[in-house]
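Protein chains in written order, with full-length UniProt numbering: chain A, 1 to 158; chain B, 1 to 158; chain C, 1 to 158; chain D, 1 to 158; chain E, 1 to 158; chain F, 1 to 158; chain G, 1 to 158; chain H, 1 to 158; chain I, 1 to 158; chain J, 1 to 158.
Simulated from the structure, these hints should not be mistaken for lab results. Careful: at least some of the hints might be erroneous.
Said to hold, decoys possible - A few chain D residues that face chain G, going by a derived Cβ cut-off under 8 Å, partial list only:
# : residue
1 : P37
2 : F96
3 : D132
What the hints assert, rightly or not - Computed cross-link-like contacts, DSS-like style, restricted to lysine-lysine with a CA-CA straight-line distance of at most 30 Å:
#  : chain 1 : residue 1 : chain 2 : residue 2
4  : F       : K113      : C       : K75
5  : D       : K81       : D       : K107
6  : F       : K81       : C       : K142
7  : D       : K75       : G       : K115
8  : C       : K142      : C       : K106
9  : C       : K115      : F       : K107
10 : I       : K81       : G       : K113
11 : F       : K30       : G       : K113
12 : H       : K142      : J       : K106
13 : B       : K81       : B       : K115
14 : H       : K107      : H       : K142
15 : D       : K81       : C       : K30
16 : F       : K81       : J       : K106
17 : C       : K106      : E       : K30
18 : I       : K106      : G       : K75
19 : F       : K81       : G       : K81
20 : I       : K107      : I       : K142
21 : C       : K30       : C       : K115
22 : E       : K106      : H       : K142
23 : I       : K106      : I       : K75
24 : G       : K113      : G       : K81
25 : C       : K107      : E       : K142
26 : J       : K75       : J       : K113
27 : H       : K142      : F       : K142
28 : E       : K142      : C       : K115
29 : B       : K106      : B       : K75
Note that CB positions come from ideal geometry on N, CA and C, so glycine has one too.
There are 10 protein chains.
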Amino acid sequence: MAATKKTTLRKSLTQLGKAVAIPETPDDAKLEAVPNPHPGTDYVVRFTAPEFTCLCPVTGQPDFAHFVIDYVPGKALVESKSFKLYLSSFRNNPAFHEDTTLVIAKKLIEVLKPKYLRIAGYWYPRGGIPIDVFWQTGTLPKNTFLPALEVAPYRGRG
Amino acid sequence: MAATKKTTLRKSLTQLGKAVAIPETPDDAKLEAVPNPHPGTDYVVRFTAPEFTCLCPVTGQPDFAHFVIDYVPGKALVESKSFKLYLSSFRNNPAFHEDTTLVIAKKLIEVLKPKYLRIAGYWYPRGGIPIDVFWQTGTLPKNTFLPALEVAPYRGRG
Amino acid sequence: MAATKKTTLRKSLTQLGKAVAIPETPDDAKLEAVPNPHPGTDYVVRFTAPEFTCLCPVTGQPDFAHFVIDYVPGKALVESKSFKLYLSSFRNNPAFHEDTTLVIAKKLIEVLKPKYLRIAGYWYPRGGIPIDVFWQTGTLPKNTFLPALEVAPYRGRG
Amino acid sequence: MAATKKTTLRKSLTQLGKAVAIPETPDDAKLEAVPNPHPGTDYVVRFTAPEFTCLCPVTGQPDFAHFVIDYVPGKALVESKSFKLYLSSFRNNPAFHEDTTLVIAKKLIEVLKPKYLRIAGYWYPRGGIPIDVFWQTGTLPKNTFLPALEVAPYRGRG
Amino acid sequence: MAATKKTTLRKSLTQLGKAVAIPETPDDAKLEAVPNPHPGTDYVVRFTAPEFTCLCPVTGQPDFAHFVIDYVPGKALVESKSFKLYLSSFRNNPAFHEDTTLVIAKKLIEVLKPKYLRIAGYWYPRGGIPIDVFWQTGTLPKNTFLPALEVAPYRGRG
Amino acid sequence: MAATKKTTLRKSLTQLGKAVAIPETPDDAKLEAVPNPHPGTDYVVRFTAPEFTCLCPVTGQPDFAHFVIDYVPGKALVESKSFKLYLSSFRNNPAFHEDTTLVIAKKLIEVLKPKYLRIAGYWYPRGGIPIDVFWQTGTLPKNTFLPALEVAPYRGRG
Amino acid sequence: MAATKKTTLRKSLTQLGKAVAIPETPDDAKLEAVPNPHPGTDYVVRFTAPEFTCLCPVTGQPDFAHFVIDYVPGKALVESKSFKLYLSSFRNNPAFHEDTTLVIAKKLIEVLKPKYLRIAGYWYPRGGIPIDVFWQTGTLPKNTFLPALEVAPYRGRG
Amino acid sequence: MAATKKTTLRKSLTQLGKAVAIPETPDDAKLEAVPNPHPGTDYVVRFTAPEFTCLCPVTGQPDFAHFVIDYVPGKALVESKSFKLYLSSFRNNPAFHEDTTLVIAKKLIEVLKPKYLRIAGYWYPRGGIPIDVFWQTGTLPKNTFLPALEVAPYRGRG
Amino acid sequence: MAATKKTTLRKSLTQLGKAVAIPETPDDAKLEAVPNPHPGTDYVVRFTAPEFTCLCPVTGQPDFAHFVIDYVPGKALVESKSFKLYLSSFRNNPAFHEDTTLVIAKKLIEVLKPKYLRIAGYWYPRGGIPIDVFWQTGTLPKNTFLPALEVAPYRGRG
Amino acid sequence: MAATKKTTLRKSLTQLGKAVAIPETPDDAKLEAVPNPHPGTDYVVRFTAPEFTCLCPVTGQPDFAHFVIDYVPGKALVESKSFKLYLSSFRNNPAFHEDTTLVIAKKLIEVLKPKYLRIAGYWYPRGGIPIDVFWQTGTLPKNTFLPALEVAPYRGRG
Ligand SMILES: [Ca+2]
Ligand SMILES: [Ca+2]
Ligand SMILES: [Ca+2]
Ligand SMILES: [Ca+2]
Ligand SMILES: [Ca+2]
Ligand SMILES: [Ca+2]
Ligand SMILES: [Ca+2]
Ligand SMILES: [Ca+2]
Ligand SMILES: [Ca+2]
Ligand SMILES: [Ca+2]
Ligand SMILES: [Ca+2]
Ligand SMILES: [Ca+2]
Ligand SMILES: [Ca+2]
Ligand SMILES: [Ca+2]
Ligand SMILES: [Ca+2]
Ligand SMILES: [Ca+2]
């Protein structure tokens with residue numbers, strides 16, 4: 001990393017390298033950023049987070065989802081551990097599929113101010129019908145390389 | 001969900017949380033909507049419904065299909081349980097492949113008035129030849145994220 | 001077919017080549033047999049029936065399943081069209097997963113008196129948990145060739 | 001089907017519901033059309049026909065192919081049974097890969113006058129080298145939903 | 001279901017058809033049984049439960065697993081909803097991978113007294129290394145049909 | 001090939017290297033053998049024949065199948081070209097699925113007198129239900145290496 | 001083939017239907033063309049050639065490749081057998097990966113003068129790193145149907 | 001974990017929860033054990049370790065491998081973090097494929113004294129030919145559930 | 001290779017055909033170029049490098065990645081062996097995922113001055129969340145053939 | 001490798017680390033062995049060799065095959081480079097599928113005197129029908145771990 005010192009980077013973080021409990025709500029979670037080592041370059045970072053769970057606001061039963069997030073960083077990258085903790089903060093909170101997917105994306109946008117961000121939320125089936133939610137901010141910066149997701153579609157049995 | 005209260009939402013629904021019999025015909029089914037929690041955001045909701053059956057209008061024998069529906073909500077989201085009941089209302093009704101696929105899409109459009117909707121109907125083979133039906137309303141809103149379907153194509157044997 | 005004449009075979013059947021309505025219940029269905037053209041040979045016939053539906057006895061909602069049936073015929077083969085009609089006779093009848101799978105198998109045994117039969121029922125998920133039911137009659141006749149099913153297991157999302 | 005009566009539809013057909021022998025040549029086959037139930041809507045119908053065979057004009061040996069055909073219907077849909085019979089009419093006729101693929105497409109165009117049609121012919125390997133043939137008529141009507149084929153490519157062994 | 005009446009069956013259950021909160025601990029959960037409709041027949045019931053989560057006893061962070069359970073019922077079948085609630089009772093409890101997998105299996109054995117039971121627990125990777133845990137009770141009853149799991153193995157990237 | 005001269009081998013064959021028309025019936029076909037170059041060794045030869053077609057004895061319509069044949073040669077190997085011609089001889093002949101699969105196997109046994117032979121016939125679906133037929137002669141010679149078929153099972157749509 | 005007679009076509013060819021030895025070098029090979037039966041139609045022909053080998057110019061060791069070639073024919077189609085012989089002419093000749101892939105494409109262009117041609121060369125790994133080479137001539141004719149290749153990417157182990 | 005206290009367990013470990021450098025050689029690594037919470041039960045624990053690298057003893061160049069290890073614990077389970085460190089200790093050490101695979105297995109046996117252990121080492125190709133190494137200790141304890149590995153085999157290209 | 005002599009080519013290289021130790025750091029590595037045999041042709045060369053490892057700058061533990069690099073050569077091609085050595089030079093050096101991916105790409109650009117280059121880095125999961133990094137230089141030269149990557153996405157378990 | 005010194009090992013080899021031309025015939029090739037570092041342990045070594053080619057003895061045209069070889073070493077392991085050279089020695093020699101597969105296996109047995117060896121030869125299709133050849137020596141030593149091959153079966157098109 002040409003311009004960022006490791007020590008400097010870690011000093012500004014509050015959770016990395018410490019034992020941190022699961023935040024009780026998304027509001028309690030602290031999503032943190034680190035400096036983008038290549039701020040003048042439009043590249044894509046993709047996170048795949050197959051471990052997500054929250055509660056159904058109607059029935060109180062657990063819901064599960066698999067997320068894929070692509071973003072073009074501006075000045076900041078998301079700090080991985082704080083992102084993991086943010087996701088886990090939904091664990092015991094009620095959250096609708098469509099809403100939660102967008103809320104996660106918008107939180108990342110608020111913290112990172114990326115040049116572009118998109119999210120794909122693949123939710124486990126309820127009533128035999130799975131729901132996917134897809135959103136992106138405006139336009140991908142020109143000439144940015146963003147491959148297709150290629151996530152396997154849901155199928156029934158057999 | 002920032003602006004919608006859970007209690008309000010559920011009061012307007014007539015089927016959620018109740019035992020509801022399969023509607024006898026699509027006309028008897030009540031497809032219901034709930035408010036879109038992010039009405040100012042162009043995002044996609046995808047339903048995958050691998051459990052669909054109706055009757056062949058020519059032979060009276062059962063037909064089966066796997067549907068994938070993508071839409072960009074306007075003011076409303078489809079209420080999942082009512083959608084499931086709507087699909088099951090075709091169960092004992094005659095319905096041609098091409099027609100049924102479009103009828104389902106147009107019904108959703110009538111109820112949801114989405115900014116965009118597309119449907120893919122993958123019908124089980126008859127006479128060794130499966131039929132797929134694909135339709136979308138006009139144009140996808142600019143800069144909307146809509147991944148490819150990636151549904152496995154039909155193959156014969158071996 | 002060395003020993004069986006086509007005309008004789010068809011005369012004994014009551015449904016082949018005729019328009020036959022879906023039987024209202026499994027009891028109304030007529031599962032028919034045709035002579036085994038190689039009665040002295042222990043071979044396996046496998047049916048794959050991905051188009052099955054019945055009703056949930058608790059909720060009245062539709063259930064779906066994908067069946068694979070392997071049998072070693074004795075004197076009789078199942079007549080395909082009558083088998084298809086038999087499966088469709090469950091369409092508007094309540095039926096538990098475990099029970100239905102075994103009932104179908106036992107009906108085939110009653111009609112065909114096969115040397116061996118096994119059934120695999122892959123049911124679509126309810127409450128996020130799909131159920132499979134597997135059963136076979138006693139022992140496969142010695143030296144019979146019966147390949148593994150290789151049916152794709154259920155997975156969640158992502 | 002809003003505007004078309006089932007009885008009317010069937011009266012105009014000459015082969016549906018009757019035992020029809022395989023036509024001896026493609027010229028003898030009668031490819032038939034039925035009215036498009038949604039003539040004002042630009043949608044796609046996809047046929048997958050993995051059961052095709054003809055003879056090699058050079059060696060007289062059998063050739064096999066797997067076809068996928070997508071079309072945007074104008075006033076007419078192809079009648080499925082007559083299409084199946086048309087395909088089977090090539091059975092004992094000599095036909096080059098490239099030529100046959102285009103001839104089938106052009107015949108459908110002649111009978112259906114679709115707004116758009118494309119064909120993909122996947123031929124089984126000869127001399128270790130399989131040939132695929134792809135063709136489409138002019139331009140897909142604007143804003144029509146036509147998913148990628150996703151047919152598995154040929155591979156050798158291992 | 002030959003010998004069991006639907007009403008009788010449901011009367012003995014305490015959770016089916018009611019809104020039941022997630023039990024706070026596995027001890028609080030009530031795993032319930034229903035009569036086996038075919039008690040004289042050795043068949044297999046397979047549950048696939050891709051939605052499981054608990055907490056890591058060392059770090060307090062969430063863990064996830066995908067379970068496949070096969071059993072040969074004796075007098076009882078597990079009641080699906082109570083099983084789902086039992087699994088969700090681990091949600092906020094510390095649990096080691098190996099231990100939890102066996103504890104779930106042994107609980108099912110205690111309640112169902114099956115003729116045979118096996119469990120496969122596929123845990124999500126920690127430190128880049130996923131752990132699977134496999135266990136079965138003694139011997140599968142002779143001549144029972146139990147297909148291979150065919151669950152996709154873990155792989156890294158690329 | 002240690003013990004067999006190429007010239008000798010080809011002299012005894014009547015079809016290799018010549019243009020041979022498709023035999024009109026299986027009886028007209030001449031299935032030929034060549035000497036086994038390793039007669040003292042129990043090994044397996046597997047043929048995969050995805051190009052097979054015959055006619056349905058009931059409807060006269062074309063049927064298609066994909067065959068996999070494994071055998072342990074005794075004194076003879078099947079000559080590939082004559083085998084291909086034999087398969088093509090069914091082209092315009094009526095043939096039931098179960099019967100045809102066994103007839104092909106028994107013809108090979110008659111000509112080759114192998115130490116072991118098994119056949120798997122994967123037939124294309126009719127009425128939505130594909131049929132597979134599996135047969136083997138007695139026992140595989142001890143310590144013979146015969147891998148599983150791993151042929152993909154039939155699935156519906158989606 | 002509407003306008004081309006089979007006899008005329010074969011007279012102009014020098015290798016079809018004859019035993020032809022592997023040409024010693026690509027220069028010795030005779031790549032031949034046959035008339036395009038649909039010269040007024042812009043369609044694509046795809047060859048998949050998984051059987052290619054040459055020698056490494058640096059080490060003299062064998063190299064292997066899998067080629068996929070798509071072209072839009074002008075007045076000519078490539079004659080399959082001569083193409084196969086052309087590919088086999090590289091067998092004992094030194095050839096770099098990038099160079100060979102382009103040389104094959106340019107030779108086809110010279111002989112066929114196609115409206116468009118593209119080649120994909122998938123080379124087997126050396127030093128653990130496989131190389132793919134992709135090239136196309138200028139622009140695909142407008143409105144030509146050319147599906148994606150969908151060839152599986154290389155992966156390591158596991 | 002019925003009989004083992006978390007605090008006791010962690011006290012005996014020297015590396016868990018601490019920053020530990022990669023051991024310089026396998027001899028420097030400390031592979032640690034924790035008590036088996038179900039010592040009276042014969043179950044299988046599977047580790048999948050796709051992140052392994054060492055050096056080729058002949059060329060000094062890096063080698064890579066993907067390991068799958070199954071064992072039936074006796075009194076001890078391997079402690080995951082120490083196992084990860086043990087694997088990373090090979091990083092800058094020369095090691096032959098066959099030897100290394102067995103050395104890892106034998107080290108685990110020495111430390112864990114398992115009732116059974118097997119290892120599968122899938123090494124990345126060298127010279128175009130990948131090597132797999134498979135070994136197990138004596139016999140699997142009777143009635144132990146050990147699924148097949150189902151790891152994808154190596155293939156070339158295309 | 002029309003214009004480049006093999007001897008000339010090898011003389012300018014310093015590492016090919018010699019035993020070269022792993023460079024201690026990326027700075028010590030010598031990435032070398034060879035002349036592009038088709039400098040007037042815009043084609044793509046794809047490297048797939050599934051064998052990459054470096055150290056985590058925060059924990060010192062090993063990280064692993066799978067890279068796919070596509071470039072359109074200008075006057076130079078990368079010399080394969082020097083590229084392999086360059087990749088291995090990261091082995092014992094600390095490197096962040098995002099940074100390393102871009103550093104490799106920028107080094108290739110510096111040495112090769114390609115008309116276009118893109119890189120996809122698929123990193124193994126940390127904390128259950130894998131990261132992919134994608135970057136390309138400006139615009140792909142017009143009419144260049146560059147297929148999609150089709151790399152399998154990460155998934156959890158099951 | 002506990003008991004074998006690297007220097008000793010390499011001294012006895014005649015081809016490793018030298019430029020060696022492709023042997024002109026299998027008789028000219030020198031298949032070499034190295035000491036088994038674990039001679040008292042019954043383990044399996046699997047080679048996958050997807051790069052094999054020879055000539056068809058009847059037509060002189062190239063044939064291709066993908067081999068998988070498993071063996072339990074006695075005192076010796078095969079030396080990889082000499083094995084690669086041995087395989088390449090078939091390049092310009094006529095060889096029948098069945099014969100070649102066994103000849104390779106028997107040569108390895110002669111040189112290595114393994115406790116067990118098996119070979120699977122997957123040959124590319126000729127006349128649309130691929131041939132696989134499978135052979136093993138006597139019995140696998142008791143309690144040896146030998147996973148299934150899991151090689152994808154041949155399929156036609158579509
Ligand atoms: Ca469900
Ligand atoms: Ca895809
Ligand atoms: Ca794709
Ligand atoms: Ca796609
Ligand atoms: Ca399998
Ligand atoms: Ca299997
Ligand atoms: Ca695809
Ligand atoms: Ca059918
Ligand atoms: Ca298998
Ligand atoms: Ca694709
Ligand atoms: Ca290699
Ligand atoms: Ca398997
Ligand atoms: Ca991890
Ligand atoms: Ca793909
Ligand atoms: Ca062929
Ligand atoms: Ca398998």
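A quick look at each hint next to the structure:
1. Contact between P37 of chain D and chain G, as hinted, is not supported at the beta carbon level, the nearest pair being about 27 Å apart and thus beyond 8 Å.
2. Taking 8 Å as the C-beta cut-off, the interface hint given for F96 of chain D holds, the closest approach to chain G being about 6 Å.
3. Proximity of D132 of chain D to chain G holds as hinted, the smallest CB-CB distance being about 4 Å (cut-off 8 Å).
4. For the hint linking K113 of chain F to K75 of chain C, the alpha-carbon distance of about 27 Å falls within 30 Å, and the restraint holds.
5. Proximity of K81 of chain D to K107 of chain D is assessed by CA-CA distance (about 15 Å); at most 30 Å being required, the pair is judged to hold.
6. Distance hint between K81 of chain F and K142 of chain C is unfulfilled; the C-alpha atoms sit about 34 Å from each other, more than 30 Å.
7. For the given pair, K75 of chain D sits about 34 Å from K115 of chain G by alpha-carbon distance, which is inconsistent with the 30 Å threshold.
8. Using a Cα cut-off of 30 Å, the hinted pair K142 of chain C and K106 of chain C holds, with the two alpha carbons roughly 22 Å apart.
9. Simply put, K115 of chain C and K107 of chain F have alpha-carbon atoms about 25 Å apart, close enough for the 30 Å limit, and the pair holds.
10. In summary, the hint linking K81 of chain I to K113 of chain G is not supported, as the alpha carbons are separated by about 37 Å, beyond the 30 Å threshold.
11. A hinted pair counts as satisfied when its Cα atoms are at most 30 Å apart, and K30 of chain F with K113 of chain G does not qualify at roughly 45 Å.
12. Note on K142 of chain H and K106 of chain J: the hinted pairing is violated, with a Cα-Cα distance of about 36 Å set against a maximum of 30 Å.
13. Of the pairs offered as hints, the one joining K81 of chain B and K115 of chain B holds, with about 22 Å between alpha carbons and a cut-off of 30 Å not exceeded.
14. Among the hinted pairs, K107 of chain H with K142 of chain H is consistent with the structure: their alpha-carbon atoms are about 24 Å apart, no more than 30 Å.
15. For the hint pairing K81 of chain D with K30 of chain C, the CA-to-CA distance comes to about 28 Å; that is within 30 Å, so the pair holds.
16. A distance of roughly 28 Å separates the Cα atoms of K81 of chain F and K106 of chain J; the hinted pair therefore holds under the 30 Å criterion.
17. A C-alpha spacing of about 34 Å is found between K106 of chain C and K30 of chain E, which places the hinted pair above 30 Å, so the restraint is violated.
18. Of the pairs offered as hints, the one joining K106 of chain I and K75 of chain G is violated, with about 45 Å between alpha carbons and a cut-off of 30 Å exceeded.
19. Between the alpha carbons of K81 of chain F and K81 of chain G the distance comes to roughly 19 Å, so the proposed pair stays at or under 30 Å and holds.
20. Under the criterion of a C-alpha separation no larger than 30 Å, the hint pairing K107 of chain I with K142 of chain I is consistent with the structure, at around 24 Å.
21. Restraint check for K30 of chain C and K115 of chain C: satisfied, since their Cα atoms lie roughly 21 Å apart, inside the 30 Å limit.
22. Taking the CA atoms of K106 of chain E and K142 of chain H, the gap is about 19 Å. The hint holds against a cut of 30 Å.
23. Between K106 of chain I and K75 of chain I the alpha-carbon distance is near 17 Å, which keeps this suggested pair within the 30 Å criterion.
24. A threshold of 30 Å between alpha carbons decides the hint, and for K113 of chain G with K81 of chain G the separation of about 19 Å falls inside it, so the pair holds.
25. A threshold of 30 Å between alpha carbons decides the hint, and for K107 of chain C with K142 of chain E the separation of about 23 Å falls inside it, so the pair holds.
26. Only pairs whose Cα atoms come within 30 Å are accepted, and K75 of chain J paired with K113 of chain J is accepted, the gap being roughly 8 Å.
27. About 24 Å separates the Cα atoms of K142 of chain H and K142 of chain F, which keeps this hinted pair within 30 Å; it holds.
28. With a C-alpha separation of about 17 Å, the suggested pair K142 of chain E and K115 of chain C falls inside the 30 Å cut-off, and the hint holds.
29. Restraint check for K106 of chain B and K75 of chain B: the C-alpha separation of about 17 Å stays at or below 30 Å, so the hint holds.
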